[in-house]
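*Asks:* The chain contents come next:
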Amino acid sequence: MNRVVIVGASLAAVHVIEGLRRNGYQGEIQLVGAEPQLPYDRPPLSKEALRAGPELDRLLLKEPGWYGTQAVELCLGTAAVGLDTRARQVVLEGGRELPYDGLVIATGGTARSLGGPEEVGPVHVIRSVADTAALHEQLVPGRHLVVIGAGFIGLEVAATAREMGLDVSVVEAAPVPLTRVLGGEAGAWFRDHHLANGVDLRCGSALEQVEVTSRGTKIQLVDGTVLAADVVVAGIGAVPATGWLDGSGVHVADGVVCDPTLRASAPGVVAAGDVARWHHPLFGQTMRVEQWRNAVEQGGRAALSLLGDTDAFAAVPYFWSDQFDAKVRFVGVAGGADTMHVEQTGDTSMVALFGRDGVIRGALCVNAPRLLARYQKAIVEQVAWGDVTGTG
Amino acid sequence: MALQITVDLEGCKGYACCMMEAPELFDIDDETGKAILLEERPSADRAEEAERAARSCPASVILVRNG
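Chains as they are written, first to last, in the numbering used here: chain W, 1 to 392; chain A, 1001 to 1067.
Do not rely on the hints blindly, as some may be mistaken.
Residues from chain W that face chain A, not an exhaustive set, calculated with beta carbons under 10 angstroms [claimed, not checked]:
| no. | residue |
| --- | --- |
| 1 | Met287 |
| 2 | Arg288 |
| 3 | Trp292 |
Part of the chain A face toward chain W, derived, beta carbon under 7 angstroms [claimed, not checked]:
| no. | residue |
| --- | --- |
| 4 | Ile1028 |
| 5 | Asp1030 |
| 6 | Ala1047 |
To be clear about the criterion: a stretch of chain W counts as covered by chain A if any three or more of its residues have a C-beta under 8 angstroms from a C-beta of chain A, and this derived list gives those stretches [said to hold, decoys possible]:
| no. | stretch |
| --- | --- |
| 7 | 325–339 |
| 8 | 367–380 |
In case anyone wonders, no lab produced these hints; they're calculated from the structure. Here the structure is a predicted model, which means the values were calculated and not measured. Note that beta-carbon positions come from the ideal geometry of N, C-alpha and C, so glycine has one too.
Build out the structure end to end from the sequences listed, making use of the hints.
*Replies:* What follows is the structure, encoded as structure tokens:
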């Protein structure tokens, strides 16, 4: 293997590069990115970078000189538009073809929108540094921000804007925030936390339509309520960026379908980060994980797989979210849980455990970080549910 | 040969990734929410663990050196 092409100038890509070089790969590396910027860090885009306005040099994952010392050729501001797995070539916008021996798909996701831009007008999303710069300009104290969707990104944007002095409403169709991820009981804690911090959180409120007028945007809910918004943000999830793989023969089904070692269905192709779907041996299910640490660890694993290693990727997912003074930390998985136990709860902290088939699979710790390492160990060791909750 | 680990606590945001990667080298202070370095000079055979923690730090505030 002498030519590695990485598509997606992402966090996962940086860790692929590190992994390749750390493990002795000395061949060529080309890094392709649709955005013009060097790989940068995305978690701050809904938090401190949104508050202060994004400064690219503070967000860069590696200083510009690092790519030179790692002998990486940069092809930035040029999206990949096609892949020929027989000829082993990536096709870029403008027609340039990049041959590869090893290909890493690390294109991440794109923010889901409410519909075509012509239908919904100026509804912001948060995915790129440009998105955050545009929204930051609009976050003027006293304005009314309406966030559609009470997922993690929506709640982070709501908290940031509230702290900046805006009036903030959040519209969520489910009965409490984060239901899909955490279930009702844990979600209720987040509802209370946001209400206590002055967010007008409207759960159980389905969106009827968004109407753009010369004086702002009207958000109409199914129950007839109309909210007048100065600024609207949609935080309704992301979809894997796999359109450029159409017709390539790489198997895609809500992400690039990989084997347990992150190899995709074509020779020499691996995937890492938000875009990768693989079978997790510990949890016994296929999953796709849109989290920072997952991108770091999958980047390293994908590099090893390209170099011939055959270990499965079995890291336990871990993510964080900061909302007002709540430092939210989650280890493991909550999806598919058949039981849930609130270990402790109060105004400022909460610990909730998630289990399935008699073992612990996930733990949510809000302002209780020290417990995380213990729960991670219990998840890896598949400790019995009764032993970890004290209910056995 | 030992390792030398340093943590810039000013920049630490309490993401706890270091503790999750290397719980024998790092803990988190429940009061301040910041990292606690449990061993400043671990033996060289802990290098991989220490470097994994450094790589996994979202704030890039962990430095691992030889010596």
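*Asks:* At least three residues with a C-beta closer than 8 angstroms to a C-beta of chain A: is that true for the stretch 367–380 of chain W?
*Replies:* holds (count 8)
*Asks:* With a cut-off of 7 angstroms, does the beta carbon of Ala1047 (chain A) approach a beta carbon of chain W closely enough for the hint to hold?
*Replies:* With a closest approach of 12 angstroms, the Ala1047 (chain A) hint is violated.
*Asks:* For the hint on Trp292 (chain W), just tell me whether its beta-carbon gets within less than 10 angstroms of chain A.
*Replies:* holds, 6 angstroms
*Asks:* Hint validation: Arg288 (chain W) versus chain A, beta carbon distance must be below 10 angstroms. Holds or violated?
*Replies:* Because about 20 angstroms separates Arg288 (chain W) from the closest Cβ in chain A, which is outside the 10 angstroms limit, the hint is violated.
*Asks:* When the nearest CB of chain W is found for Asp1030 (chain A), is that gap smaller than 7 angstroms?
*Replies:* holds, 5 angstroms
*Asks:* Would you settle whether the hint for Ile1028 (chain A) is holds or violated, based on the nearest Cβ-Cβ distance to chain W being less than 7 angstroms?
*Replies:* holds, 4 angstroms
*Asks:* Establish whether the coverage given for the stretch 325–339 of chain W by chain A is satisfied; the threshold is a Cβ-Cβ distance below 8 angstroms, and no fewer than three residues must meet it.
*Replies:* This one holds; 3 residues, not fewer than the three required, reach chain A with a Cβ under 8 angstroms.
*Asks:* With a cut-off of 10 angstroms on the beta carbons, see whether Met287 (chain W) makes it to chain A.
*Replies:* violated, 18 angstroms
This entry does not satisfy hints 1, 2 and 6, going by the numbered hints stated previously.
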